[in-house]
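Colleague: Listed below are the residues making up each chain.
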Amino acid sequence: MNKNEVFRNFLNNPLIKNYLDYSDKQLQSMNLQSNSPNRLIDVIKTTIINLDEEQSVDLVARKINQSFKRNLI
Amino acid sequence: MIIKSLSIENFQCYSGKLEQNTFEFRKGLNVIIGDNGSGKSKLYDAFFWVLYDKIFDSSTRQLIHTSEVGTGIVSDKAKASCEVGEKIVAKVQLKLYNYKRSSSYPDEYILERSFTIQKINHSEDYNDPENWKVAANSVTSIEKKDIINFKPLHETDAFNKIVEKLIPTDMGKYLWFQGEQVDSLIDFKNENSLTYAINILSDINYYDSMIEVAKKVFNQAESAYKSELREKSKNENEAEELSKRQDNLEILIERDENDLEKVIENLEYAENFKDELLGKIKDAQELERIKSGLKSSREKINRLNDNLETARKGFNNNLFSKQWILRNAGSYFKDFEYRLKYYDEERENKKVDHKIKVQQEAAKKNRLPENVPNATYLQDMIDEKVCFLCDRKFEENDSAHQHLYDLLEKTKKTRVSISDIVNNDFKTFFQNLYNNGYYLKTNVIENVDSSIAKELERIELLEDKKKDAIQEYQLLDQRFKQLLDISSIEEEESKDIVRNFNQYDKDKGKFERLKFEIEQRLSSNKKELKEILEKMKHNIGESINQDTVEKKEVLETFLELAKSTRSMVYEEQIQRIEEEANKHFKKMTADNKSVQGKIILKKIGSNYMPKNVDENGIELTSINDSNIILIKLATIMAIVTAKGKSDFHPLISDAPTSKFGDNYTIGFCNTIDNVFAQSIILSYDFYHNMALRKRLLDEVDNLGAVYVIEPSIREEDRANRKELSTNITLLN
Amino acid sequence: MIDLMEELGKKTPRYSMKYRRLIEGFARKGAVDYYESGEKSYDLGKFFTNFYEFYLYSAFIGLYINNPLPFDKDEKTNVFWVPMRDWNSNNSAQTVQYLWMIMFVKSELDFNALEDMDQKGVEREMLNVSRLIEVYANGGFDFINSKVTENPAFFDDDDCFVKLLKEVEN
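Residue numbers (this note's numbering), protein chains in the order written: chain A, 1 to 73; chain B, 1 to 732; chain C, 1 to 170.
There are no misleading hints in this set.
Among the chain B residues that face chain A by a calculated CB cut under 8 Å, a handful are:
hint	residue
1	Met210
2	Val213
3	Gln220
4	Glu560
5	Ser564
6	Thr565
7	Met568
8	Val569
FYI, nobody ran anything at the bench for these hints, they're computed from the structure.
Heads up, the beta-carbon is just placed ideally off N, CA and C, and yes, glycines get one too.
Make the full structure from the sequences, and use the hints.
Modeller: In structure tokens:
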């Protein structure tokens with residue numbers, strides 16, 4: 001599965017506008033490699049990247065929890 | 001990848017060498033036609049066996065491995081004629097072309113699987129496994145063309161890699177299927193069926209995994225938050241209670257939400273069923289209308305027929321009833337007229353002659369005395385009662401009067417009657433003939449030709465009317481048959497429809513009430529939960545860690561987003577499949593003018609049901625058995641074409657069109673040959689139906705090879721299979 | 001005095017037995033029978049309602065082709081049991097009278113002389129009129145019979161006798 005495509009699908013979900021205040025252009029410019037400007041986007045990225053590396057659900061969950069602890073912004 | 005040829009040696013009913021049992025395939029639609037029991041399914045087995053080392057066992061309806069089948073793999077004829085000590089090799093060979101974008105010359109491969117048995121004993125029962133030494137397994141070999149010659153490939157698993165390339169595992173079941181499997185391949189009522197397909201197109205599993213992750217982390221974050229709320233509350237007891245209450249409510253809410261989902265699903269099903277019934281009722285009404293139209297049309301034709309019969313058969317009678325027979329007889333009337341005139345003149349002459357004679361005689365006999373006036377004056381004198389000679393007046397009954405009267409009487413006797421001059425007075429007779437002739441000449445004979453023309457015109461008009469009426473009937477009949485074809489109504493079903501309709505109406509009411517109940521409960525429980533959470537917040541002594549709150553909120557959003565995105569992607573794929581399936585469906589039904597509108601996949605509950613609708617989404621006719629198979633086939637093709645793979649893999653199918661009418665079969669063939677670079681169909685339909693076979697050869701655009709297979713022994717005589725082989729004939 | 005209508009009307013003109021088959025082939029014997037049974041005569045696939053209708057037709061044909069054909073000596077003949085006064089199926093009475101009219105023309109009988117004849121003479125002349133009808137009918141049968149022999153397909157059409165009528169116009 002193309003992880004970039006998955007990421008794109010998430011960003012294209014209109015629901016995201018309810019929670020985040022980014023313009024379309026800004027959303028378009030985001031990708032998996034760039035820095036996450038936002039916690040939610042960071043979580044999404046973490047999940048996608050780790051699932052792509054075939055980590056188990058538990059492992060991915062742990063990674064996300066860790067990312068919160070480290071306060072990555 | 002294209003299959004160039006399939007060759008079989010001593011495999012099941014195909015006895016003989018590879019060269020004797022070869023099918024050469026081309027691009028486009030290849031068809032192998034055979035009667036039931038003629039070797040079609042064994043051919044399908046041959047394909048399957050060479051690639052996967054298994055064959056289909058019809059008794060257990062399962063695929064079994066070669067090692068389990070044993071000697072059953074080998075042809076009976078070969079086994080029967082085998083000497084002790086001799087070996088028999090059952091072989092299937094597949095030649096493939098792999099077209100690459102980089103070159104116009106394809107790579108060529110030869111795949112072969114063989115299975116060897118050796119006879120060690122002889123007995124009548126050549127099938128007794130005791131008589132045979134059987135190889136443990138089949139053996140495969142693969143060769144690739146190196147410029148001119150084929151050289152074996154030695155890389156491990158080269159064989160399976162090519163097989164995977166030919167028929168990728170994930171798509172396998174859509175490229176290679178038996179007609180009877182179509183129903184279960186795409187089961188619109190089974191969510192998993194469509195999901196499997198969607199997975200091929202989009203890896204929806206990935207999104208499912210994301211949802212799992214999101215659920216897990218959100219649940220963790222939420223319990224962390226709840227714990228903190230509890231810990232930091234001022235009043236521990238109250239907090240404890242509130243927490244318990246919160247947990248209970250959450251359980252109730254979850255249960256209600258699940259129930260609600262089910263009820264909504266049930267409602268959707270009920271609504272859907274009702275809609276289908278409505279559709280059927282519409283169809284049933286239309287069918288009834290056409291039926292009565294047919295009846296009155298039939299009556300009209302019968303009436304016209306009767307009138308025509310009467311007119312035609314009675315045509316000849318007009319020779320007399322309209323006196324057409326007199327057509328050429330007009331001139332005779334003039335002749336008769338002439339004769340009659342002559343006759344009349346003669347009579348008058350005779351009369352005159354006679355009268356003179358009589359008068360003369362009478363004059364002689366009845367000579368009036370001198371001085372007596374002429375007879376003509378006699379009457380005058382009587383009338384005026386005076387004598388012209390002597391001027392004497394007289395009265396009636398006077399003797400003088402009487403005397404004059406007598407004289408007058410005498411003169412009267414000199415008038416002439418016709419009976420005096422002829423024996424028979426035939427004047428009336430001839431006059432009648434004349435009058436009759438005159439009438440006929442002037443009123444009838446002149447008009448005979450136009451009368452004939454008019455009558456012929458009348459008959460022609462009736463014939464035209466009859467032709468029109470018959471045409472009208474035929475159009476109605478065609479419409480009736482086409483509607484029956486595409487609608488799902490059985491002719492007797494109409495009575496049940498109304499009954500079922502009422503039942504579902506009742507069910508619908510039941511579900512709606514239930515839904516309302518649950519929604520009410522949910523709403524009040526959620527409200528209470530909210531209040532509890534607020535209370536808990538207010539009970540806090542120290543403040544809650546903001547991170548905890550934020551984490552919970554972010555992850556809640558993440559979960560929602562994950563679920564929503566998954567739905568979006570799923571929906572997108574459904575649309576994709578729907579679009580592609582429609583393209584194929586339209587092409588397959590091009591010949592049936594009654595099929596209109598398009599197919600959509602409508603979400604009902606957790607499933608997607610196919611519906612036939614117009615541009616406005618209004619449901620047209622309900623879907624019947626042969627249509628649903630068409631739609632399923634169209635969907636199968638759509639999955640392959642949506643993935644863009646139809647050029648790379650062949651379609652192999654056994655009897656996909658067995659439930660179709662002729663038009664749909666040809667439509668299907670015309671669609672398949674355009675969708676897949678290569679397809680191979682095994683079919684019974686074209687075996688007996690010569691007209692259909694001709695249509696196949698004439699009407700299908702990209703037709704590949706068409707073969708007919710026939711067993712050397714008929715099914716009924718098959719008890720002895722020792723001579724069984726298969727005859728293969730190429731038709732084009 | 002003799003009633004000529006009656007005298008002619010009671011006659012039953014003869015036909016040659018050699019045309020019996022022909023007549024039966026094209027006509028239904030005795031219209032009355034069939035109307036009583038409820039069947040219409042044309043349902044039975046024949047052209048003429050009854051024998052005398054066909055006879056009448058042939059007489060006119062014989063007239064139109066100008067072929068009065070006397071019977072051979074010793075020729076076997078037969079009559080219909082319906083006298084001419086009752087020839088009225090399909091309104092044919094008028095046609096019969098027209099035929100009589102024509103026969104009077106053709107016979108060159110002197111009408112005036114006829115009136116002077118005695119009973120026996122008149123009867124004899126009326127018999128001659130009937131005989132004249134016979135020879136024309138005979139000529140007509142002969143013509144139709146030949147046509148049947150040389151071109152039987154001609155009679156496959158429902159309108160063949162009307163066509164024939166047009167053909168013999170001269």
